[in-house]
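Asker: Take these sequences, add in the hints, and give me the full structure.
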Amino acid sequence: MTATPSSTLRQRLFAFLLAGIGGTAAAAVSFAMSLHDAANPPGIAAVGLGDPIDTGRWTVTLHGARSGTLPPTGVPPFDPKKFVMVDLDVTNRSATPNNVLYRLLTPEPPVPNLPLPVYYLARDNWFASYINPDMPERVIAVWEWPEAAPLPERLKLKVSSQIYKQRDNLYGASGWYDRDPVAEVEMPVVADPKAERPQ
Amino acid sequence: MIAALKTVAAVVAAAGLLYAMQRTTPGYSDITSPIVASGRQGEAVQASAFSFGVNTIRLARELATESFGRTKIFSTSGVWVVVVGEAEATYESLPLTVAEWLSRDGIRYALTDRVPATAGMMPVDRFEPGLPRPALIAFEVPEDAIEGGQVVVARSKIAPLDDEIRVSAEAIGAVEPRVTIRRNDGGPPWTLLP
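Read top to bottom, the protein sequences are chains A and B. Residues in the first sequence are numbered from 2 upward in steps of one, following the working numbering. Residues in the second sequence are numbered from -18 upward in steps of one, following the working numbering.
Simulated restraints, written as ranges between beta carbons of each label pair:
(1) A/123 / B/167: 34 to 40 Å
(2) B/155 / A/150: 53 to 59 Å
(3) B/104 / A/185: 35 to 41 Å
(4) B/138 / A/76: 27 to 33 Å
With a straight-line cut-off of 25 Å between C-alpha atoms, the simulated PhoX-like cross-links for lysine-lysine are:
(5) A/157 / A/83
(6) B/138 / A/166
(7) A/157 / A/82
(8) B/53 / A/195
(9) A/83 / A/159
(10) A/195 / A/83
Sample of chain B residues lacking proximity to chain A, with all beta carbon distances greater than 10 Å (derived):
(11) -9
(12) 17
(13) 49
(14) 110
(15) 115
(16) 150
(17) 153
(18) 172
(19) 175
Hint data in this document are derived by calculation from the structure and do not stem from the laboratory. Where is the CB? At the ideal position from N, CA and C, for every residue including glycine.
Answerer: This is the structure:
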């Protein structure tokens, strides 16, 4: 495209001005929208106990929380410890077995110095490892509660979600990637007499 | 006018070519996927580093282990698939740490690690060249994933372009109430009961 003689300097300047105004307006609208989104985060659905939650990679159903001093293996720890245990059903919706459960549930608000939970398979009362696709399993999420923090009476858990990408942005490899939490579940924590350390 | 049309046609053709190339680029996991050697139950399948064959496949509702006089029972929401195979290394001794049940729909089920592995059981065993040895593998699989499944065996999960042997299951027994793995003190490391 060559500039025709009729395109004067004035016309060109006008075109530049118009493009500049348009670009600035687009940037301003985009900034305002992201500001609005940041100021009003989408609410997380409150889900009751016993209702299935679709997190992308897993279907999760929480059944309740209990506290005790004995982990599900029944082997008393060497030092006295207190545990908060949550019973849940998980179904792996992906095509491969995996054991990446530990970031699925997070207490809300966060508890300082809380280690990641350890998952036990209720069927064996032993550490859960690979959960096969499409085979529902009852598992127990066990947090070793910090010494300094009192045991909670109510527990609110945030359920995180993941999405599948056929190609990631780095290698083009397929994988599961973290997304925003999809649900919050609040439940009472009851003392479990069966999870008491024998004296 | 003709020149403008030519320009538009060239742009459209280039966009189409780029789109086709984008859609047909093999994924990273395809490029680095293992090299598969396939076979059927009852024959030894040879890959470059090892060979593997499946002899019997049994199904059970419960799996039990018997060792030192103690019996432990493992239940499942599907069925237990107990595979007795034979493996042999080709050039150097190697462990086989990965076994999977690959269903007809392409869904994979991992070698169980609920049952503590013992000598002669994958994944703890090492295989030597020239010494074919029995390999015992147990999977937990939903019942509808049995038909048309394959046993997949590989050296390691993370090595790209390594060997992978797939054996299609053909003679699968009926579902038994229980299969017991008894650990032996001498002789073969385990016996399948009943």
